[in-house]
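Protein chains in written order, with the numbering used here: chain A, 57 to 161; chain B, 1286 to 1604.
If you are wondering where the hints come from, they were derived from the structure by calculation, not from laboratory data.
In this text, all values refer to a predicted model and were calculated from it rather than measured experimentally.
Treat each hint with caution, since some may be false.
[Claimed, not checked] Residues of chain B placed beyond 12 Å of chain A at every Cβ, according to the derived structure:
# : residue
1 : G1310
2 : S1325
3 : T1418
4 : R1462
5 : T1466
6 : N1487
7 : K1497
[As the list claims (entries may be wrong)] Chain B is nowhere near these chain A residues, computed Cβ spacing over 12 Å in every case:
#  : residue
8  : S58
9  : W81
10 : M90
11 : E121
12 : K135
13 : Q138
14 : R142
15 : T144
16 : H159
[Stated by the list, open to error] The calculated label-pair distances, taken between Cβ atoms and stated as ranges, are:
#  : chain 1 : residue 1 : chain 2 : residue 2 : range
17 : A       : N104      : B       : E1331     : 45 to 53 Å
18 : B       : T1489     : A       : M57       : 25 to 33 Å
19 : A       : P93       : B       : P1555     : 35 to 43 Å
20 : A       : E139      : B       : P1555     : 50 to 58 Å
21 : B       : E1481     : A       : D66       : 25 to 33 Å
22 : B       : K1353     : A       : D66       : 54 to 62 Å
In this text, a Cβ means the ideal position worked out from N, Cα and C, and glycines have one as well.
If you want the building blocks of each chain, they are given just below.
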Amino acid sequence: MSAIHLTKADFDQKTEKGVTLVDFWAPWCGPCRMAGPVIDNLAVQFQNKALVAKVNVDEQGELAEKFGVMSIPTVVILKDGQEVERTTGFVGEDAYKEFLEKHLK
Amino acid sequence: MDYDVIIIGSGPAGCAASIYASRYGLSNIVIGKTQGGTISYAHNVENYPGSNGISGVDLMITVEKHVKDLGSQIIYDPVNKLEKVQDQFMVTTSSGKQFQSRAVIIATGTERKKLNIPGEQELVGKGVTYCVTCDAPFYKDKTVVLVGGGDAACSGAVHLSQFAKKIYLVYRGSSLRAEPTWVSQWQELASAGKGEEIFNTNITKIISEKDKVAGVELDKEFNGSKNLACEGVFIEIGGVPGTELIRPLGVKDDDSGHVVVNQYMETSLPGLFAAGDMTDQSKVMKQVITAMAWGAIAASSAYKYIKGSQAPQLIGVAR
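Next comes chain A alone, as it looks inside the complex (with noise of 0.2 Å):
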């Protein structure tokens, strides 16, 4: 199972509970498509215990605005809905295991 796709339309919905990783990334970005990978990788590792989630900000500008993403890729992490964490640029497969595992405790 790769991340799931999150449009403005199930955003809320689908992140409102538990821990969500959502990536924000544009199929123009070269180190997005360098993590791209890496996310899908999580999205199998964390299946059952988070959501693991791209949004393409291309696509869904109006998300990347209303989380004021200025530069991608950007990871932010929710925890029932509400921003826990956030990383810019591309820093790696562990990084995000961490927060994912911070935040799961």
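Chain B: place on chain A using the hints.
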């Protein structure tokens, strides 16, 4: 796992080294931190022969496929430790995997340089960015500052001009040191009023308002003021050699921190070869084509080191 050669670094130099090592019949693995290395940040590579315009990511996707087609593998699991015990190298990754080999080719490139000024770190993602390709579209019709004067800065300015209203190129030097093609494309933008050069100038502070970039402070006046209003700051000032892994091995480096190699890409430690932007050779050119060439030479030298004889001439055609 045991290999003839372990290649650390998955950019152009590391991948080319793997391609040549595979064709020499050397078992090898590429262990990288991120896919494609620094070139993945380039929006368009226009000087790689055979292709007069390809994004850095797309170029490296084809190179990566080539590496795998020849039987090698690439894993993304940053190397934490490199040791040499007698004639054997030991590589440990951050997930704890261990690999051994007779020879190592290190091609870990560079780490992006930062300005290290007030406001920079706090405003990353809030107007400060190190990736033009990634973030240019967020600055549609906005005024931005781009710091730097080399290829990445000038090509970045050209790409950025498709979105931004106005680009100020702030550079500490007195003239641009990018490829003339990029310089002339930048100058066209400047004469069309979309770009303006501010040379012999440094940025001393990034100013924010409401937690977003609002301007920069310069170390000398420009148009009568040291403050320059802008909504974005793009930093393209090159990199420092990523030599952390080999420092504990006492490998010789130069004043600028680049690993010293000879024409065979040999470092001062037998069995350890280096290629690409981390070596002192790269001070001549930091290009995909040269990094790949050095990677190929490093593979040939590793062959000689392991087999005790000169690597065969590779003709590349079945006869």
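We went through each hint and held it up to the structure:
{"no.": "1", "hint": "G1310", "verdict": "holds, 30 Å"}
{"no.": "2", "hint": "S1325", "verdict": "violated, 4 Å"}
{"no.": "3", "hint": "T1418", "verdict": "violated, 5 Å"}
{"no.": "4", "hint": "R1462", "verdict": "holds, 23 Å"}
{"no.": "5", "hint": "T1466", "verdict": "holds, 21 Å"}
{"no.": "6", "hint": "N1487", "verdict": "holds, 23 Å"}
{"no.": "7", "hint": "K1497", "verdict": "violated, 8 Å"}
{"no.": "8", "hint": "S58", "verdict": "holds, 16 Å"}
{"no.": "9", "hint": "W81", "verdict": "violated, 9 Å"}
{"no.": "10", "hint": "M90", "verdict": "violated, 4 Å"}
{"no.": "11", "hint": "E121", "verdict": "violated, 10 Å"}
{"no.": "12", "hint": "K135", "verdict": "holds, 20 Å"}
{"no.": "13", "hint": "Q138", "verdict": "holds, 18 Å"}
{"no.": "14", "hint": "R142", "verdict": "violated, 7 Å"}
{"no.": "15", "hint": "T144", "verdict": "violated, 3 Å"}
{"no.": "16", "hint": "H159", "verdict": "holds, 19 Å"}
{"no.": "17", "hint": "A:N104 - B:E1331: 45 to 53 Å", "verdict": "holds, 47 Å"}
{"no.": "18", "hint": "B:T1489 - A:M57: 25 to 33 Å", "verdict": "violated, 49 Å"}
{"no.": "19", "hint": "A:P93 - B:P1555: 35 to 43 Å", "verdict": "holds, 36 Å"}
{"no.": "20", "hint": "A:E139 - B:P1555: 50 to 58 Å", "verdict": "holds, 52 Å"}
{"no.": "21", "hint": "B:E1481 - A:D66: 25 to 33 Å", "verdict": "violated, 45 Å"}
{"no.": "22", "hint": "B:K1353 - A:D66: 54 to 62 Å", "verdict": "violated, 36 Å"}
Comparing the model with each earlier hint shows violations of hints 2, 3, 7, 9, 10, 11, 14, 15, 18, 21, 22; every other hint is respected.
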